[in-house]
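Residues per chain, in single letters:
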Amino acid sequence: MAVTRLGSDFDEFVVARSPALLRTATLLLGDRTDAEDLLQTALLRVARHWSKAIENPDAYTRRVLVNLAHDHARRRRRHPESPAPEPDLMAVQPATESAFEDRTELLCALRELPDRQRATVVLRFWEDLSVADTASLLGCSEGTVKSTTSKALAHLRHVLDLPTVPTAIGAGHDH
Amino acid sequence: MTTDEQIRDAFHARFGTELADLAVDPALVAVVRRRYARQQRLVLLGAPLGVAALAAGSILAANAVGSGAVSGINGLTSNAAQSGVSVTLLNHRLQFPAGWSGSAGTVMNLGPATHHLGGKDQGAKLMDRSARMSLGMSMFRGPIATAERAVVPAAERKRITTTIAGLPAVIDQFGTSPVCPMSVVHAPAAATVKRLISHTPLPMRSALLKSLRTARFSKLSPAGFGVGVPQPGCARATKSAAALPDHVSTAITFPDGDLLMVDSIGMSPTQVEHVLADAISS
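Residue numbers (my numbering), protein chains in the order written: chain A, 21 to 195; chain B, 86 to 367.
Hints are supplied without guarantee of correctness; some may be wrong.
Covered by chain B, according to a simulated footprint, are these stretches of chain A (three or more residues, beta-carbon under 8 angstroms) [unchecked claim]:
no. : stretch
1   : 32-39
2   : 139-150
3   : 167-181
Source of the hints: derived by calculation from the structure; they are not laboratory data.
Glycine included, C-beta positions come from ideal geometry on N, C-alpha and C.
One chain only, chain A, in its complex shape (with noise of 0.2 angstroms):
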């Protein structure tokens, strides 16, 4: 493939997916300025492997996008004196004082998470993975994934307003 399609497709990945990998970013990570570094690091790291890259973009950047972001938590345990950085709150003002306290809810309830349990979750539930492929991304296997799952959903069900007892409503059947 021609030098410049090649630089004219990534061109058009960072411009259109950027944004959607910003927010997961900031999920995985839990913090804006430390998502936008993530993301930067993430994209330039693709942008040298392009040429891999391009069979699935979004598959290859949201692979280096946990990698880094499992880096990024193992620096932070390595060197605790560093105290990590409380959300970014303020980077996008809420329009109101309970949207403020949601987003602080919502946002340290994740921060809360072990870094396994919120990787597991975001890539379930926000990049709506399969077990198979979050633990394939994981690395670990898929009764690992589930039990981490569980284990953050216990901590998550507040914020998320889910039942304390899931059930099955209508699969199949419009009412």
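Place chain B on chain A using the hints.
Just chain B, lined up with the frame of chain A:
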């Protein structure tokens, strides 16, 4: 509806609403696209960066604990006696203080080249302890250095003639993107300079550092020093990053023609200047 679908809907409803107004900083996209465009121009020039960078190696050794100098991997050593990290890129040694550590190599894999341009490059990435500041460094030698120096079209350059260390020098300031690096092209006679006795302040936001003016230089010391200053308005409009321009590119041309390109994150131009000047002159 299955349980998974319920949860997925709830997830998207709650987080989707909250994150819907997140916008990507245009500076971020500009930096990524510009870096990629630069790579593509190098590919068109036939730069064998992928091979050269991999062959030269880059990489990293975290601050090691021990006594004396410890050999690192591929040119990066940790010196416990000096409590810092020593990075050697194509024979140029840069000494960084404690708190910095190597984290990854800067390797540009550009895919198939039309022909081999020649030259070498070597890179390393350093990060400070807080993980807030990072330096991506690439040293270029030979034709690839010339190509790197020339990737920005002349029309985009702003040429400044000045004096560095008593010698005439030309600064090419280029780019209208948020990152606005400067390339300092030294005078041929600069290779003989061992000490910077006097200087004329560069027409930049900050003058040449005292440490750079007075330090003893080896024959491989830089003849010029330029720090890119981001364009107004490129600083992020977020609470924690508003005070600092996040992305700064710096180009240093050494008397032997080698070119050091540094892309920094989380540092002001002055900070970059301090860190690099100290690293080179240590």
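Legend entry - Structure versus earlier hints, numbers of those that do not hold, lowest first: Checked against the structure, no hint fails, so every one of them is satisfied.
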